[in-house]
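Visitor: Given the coordinates of chain V, assemble chain X onto it according to the supplied hints.
Residue numbers (my numbering), protein chains in the order written: chain V, 225 to 439; chain X, 225 to 439.
Warning: the hint list may mix true and false statements.
Since copy identity is lost for identical chains, a pair holds within one copy or between any two.
[Unchecked claim] Quick list of in silico lysine to aspartate or glutamate cross-link-like pairs, EDC-like style, CA-CA up to 20 Å: (1) K424 - D377; (2) K424 - D284; (3) K424 - E380.
By construction, these hints were calculated from the structure, which means they are not laboratory data.
Protein chains: 2
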Amino acid sequence: MTGITIIGAGSMGRAIGTRAVAAGRRIQLLDRDPDKARSLAVQLGGDILTGAVGDALDGDIVVLAVPFESAKAVVRSYGDALAGRTIVDISNPVDFATFDSLVVPPGTSAAEIIADLAPDSASVVKAFNTTFAETLTEGKVAGQPLDVFIAGDDAEAKRAVANLVEEMGLRPIDVGPLRRAQELEGFQFLMMTLQADPAKQDFNWNTGLKILTPI
Amino acid sequence: MTGITIIGAGSMGRAIGTRAVAAGRRIQLLDRDPDKARSLAVQLGGDILTGAVGDALDGDIVVLAVPFESAKAVVRSYGDALAGRTIVDISNPVDFATFDSLVVPPGTSAAEIIADLAPDSASVVKAFNTTFAETLTEGKVAGQPLDVFIAGDDAEAKRAVANLVEEMGLRPIDVGPLRRAQELEGFQFLMMTLQADPAKQDFNWNTGLKILTPI
Numbered sequence: 225m226t227g228i229t230i231i232g233a234g235s236m237g238r239a240i241g242t243r244a245v246a247a248g249r250r251i252q253l254l255d256r257d258p259d260k261a262r263s264l265a266v267q268l269g270g271d272i273l274t275g276a277v278g279d280a281l282d283g284d285i286v287v288l289a290v291p292f293e294s295a296k297a298v299v300r301s302y303g304d305a306l307a308g309r310t311i312v313d314i315s316n317p318v319d320f321a322t323f324d325s326l327v328v329p330p331g332t333s334a335a336e337i338i339a340d341l342a343p344d345s346a347s348v349v350k351a352f353n354t355t356f357a358e359t360l361t362e363g364k365v366a367g368q369p370l371d372v373f374i375a376g377d378d379a380e381a382k383r384a385v386a387n388l389v390e391e392m393g394l395r396p397i398d399v400g401p402l403r404r405a406q407e408l409e410g411f412q413f414l415m416m417t418l419q420a421d422p423a424k425q426d427f428n429w430n431t432g433l434k435i436l437t438p439i
Numbered sequence: 225m226t227g228i229t230i231i232g233a234g235s236m237g238r239a240i241g242t243r244a245v246a247a248g249r250r251i252q253l254l255d256r257d258p259d260k261a262r263s264l265a266v267q268l269g270g271d272i273l274t275g276a277v278g279d280a281l282d283g284d285i286v287v288l289a290v291p292f293e294s295a296k297a298v299v300r301s302y303g304d305a306l307a308g309r310t311i312v313d314i315s316n317p318v319d320f321a322t323f324d325s326l327v328v329p330p331g332t333s334a335a336e337i338i339a340d341l342a343p344d345s346a347s348v349v350k351a352f353n354t355t356f357a358e359t360l361t362e363g364k365v366a367g368q369p370l371d372v373f374i375a376g377d378d379a380e381a382k383r384a385v386a387n388l389v390e391e392m393g394l395r396p397i398d399v400g401p402l403r404r405a406q407e408l409e410g411f412q413f414l415m416m417t418l419q420a421d422p423a424k425q426d427f428n429w430n431t432g433l434k435i436l437t438p439i
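Here chain V stands alone, though its shape is the one from the complex (with noise of 0.2 Å):
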């Protein structure tokens, strides 16, 4: 079974280890801040590896929970260290400042760039980026399992990480190359806009984006 190292103890790292508890993973939670591992380990419960981010790396699979400027500075200084492991990008790299556009020029995406600083012998592949933390702890919203849309160049890795988001009690859609991360950002910033809007009283940051399909 595949350990997952998770970088980054805020909310999304808190969703994502809730569900890689539940998952039964061995986890490895680090984060800039060791005591802030150490406590958010214990309220997930499980026997989970706390440290600091610079700390050998114990997953296979290793999830950069963190915003995108972050996780741009972790690949680089982790650097070989990354290679032969799967990372996970669930980053969305949001002009914050205008909340108009994305930061990343049209036509790549967050994900083709930390493949570009990635260790060639890595794996780079976009998921959970639409998830909202929120929903992502309750691992389903109205009822529902969430959809977990994932891309990348390697079947491998991304086999990988569709079988963790299924022991997560997540429906996993592979849509394609990693270069698809480019329409999952967009969509997801778009969604952002949506929570953001005090007009959408419906859309609090816990709605979930699913593709329905006939009963």
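Guide: For chain X alone, coordinates are given in the frame of chain V:
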């Protein structure tokens, strides 16, 4: 009550026509082939004015239920006859040769390109591009009303389209300015690749993209 002109008697013309009849709207249905328009009108029932593309426009809302290239040609040929009207662009400018990108450059959208071609006093609204024809004809998926994402720069025109969508029994979601069509078109391109993938047995051009909220 605003009348609607639907241009195109294909599968999306049929779907939007079905919903417009359900909404009790006055409908004009035009096709390059007026016999095709007449034949669809008979199937839809209701009191529908039919004719050929090029006929005088009856509706205040003009739905371009044709592919992107045809939509551009229609807007160019009607020219000033579209002044003061609301033009609904439903197109998905997918590059079907590669099925790997859109034919519009990154950083723009079919809707914005159509708006550039339209008279200044016309208002272009993006809508119905994420609803597949079969699902839209039904009006719901898995027992739930479809979400219709609406983007546009003219609040009054968006309200008119949102009212129409509600009367059709669907849920309108205003996603902001017309440039948000970039994200709508990008994500629907991704959705289309999923439907076309024979490995995705649940997805057969009959799914519905929904934002679920906690019950």
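Visitor: Flag every earlier hint the structure violates by its number, smallest first.
Guide: 2
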